[in-house]
Amino acid sequence: MTAEAKPRRVRADAERSAARILEAAEEVLAADPNASLEQIADAAGLTRVTVHRRFSSRQVLLEALNERFNERYLLALKQARVATAPPLAALHRATEIVLDFKLSRRAALVRVSDPRTGGPILAPEVVEGIELLFSRLHAAGVITAADPSWCSQVYVALLCEVERRPVETLGLSTTDDPIEEVGARTDLLTRTVLGALGGNGDALLR
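Just so we're aligned, residue 2 is where the sequence shown starts under this note's numbering, counting upward by one.
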């Protein structure tokens, strides 16, 4: 092995270890929000020393998880085609993707919430994508609220509230169908946010 190849292999091994730790952290924190780094290390099949080498503290690990979650939010905005798809359809699809993800990782997400709002800590790129979507909704006459920053804040706040709403209040035929639950929460959030921002959510979603 050349001297140049060895550092590359070390970096690749470190990246794989970090990915294993983050995957384990999502699973462990979803089951137990107060799980220790030792528990996360065990779930990843690594020693605590290795975890500390990659993430010097619990806070650093949580910040890395938040970055990982933001990558998924960005992917949701991309998959919903917020810049090109009909804006109402993009809003519904982005909401559906994000709620599906958030409900499957609810406990882990709580650990990296913004302490001021209780909501997620969103990267600037994510905020820009949401604001673009609401700018397009306003331009299309779907909502009357013209300030995309305000619209984005309302949407994120309502997203958190709809996510926390007890499943028994959603009017579902069953409470153990995750697809039906995501659909019900998506419809509720979309109708509510459109109504809050000067649109008629019920009429628009018929």
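Treat each hint with caution, since some may be false.
Derived pair list, reagent style EDC-like, types lysine to aspartate or glutamate, alpha-carbon separation capped at 20 Å [to be verified]:
{"id": "1", "residue 1": "K79", "residue 2": "D101"}
{"id": "2", "residue 1": "K79", "residue 2": "E28"}
{"id": "3", "residue 1": "K79", "residue 2": "E129"}
{"id": "4", "residue 1": "K79", "residue 2": "E68"}
{"id": "5", "residue 1": "K79", "residue 2": "E97"}
{"id": "6", "residue 1": "K79", "residue 2": "E132"}
Treat the hints as calculated values from the structure; they're not laboratory data. Please read all numbers here as calculations on a predicted model, not as lab measurements.
**Q.** Violated hints, by number in ascending order, as checked against the structure
**A.** 2
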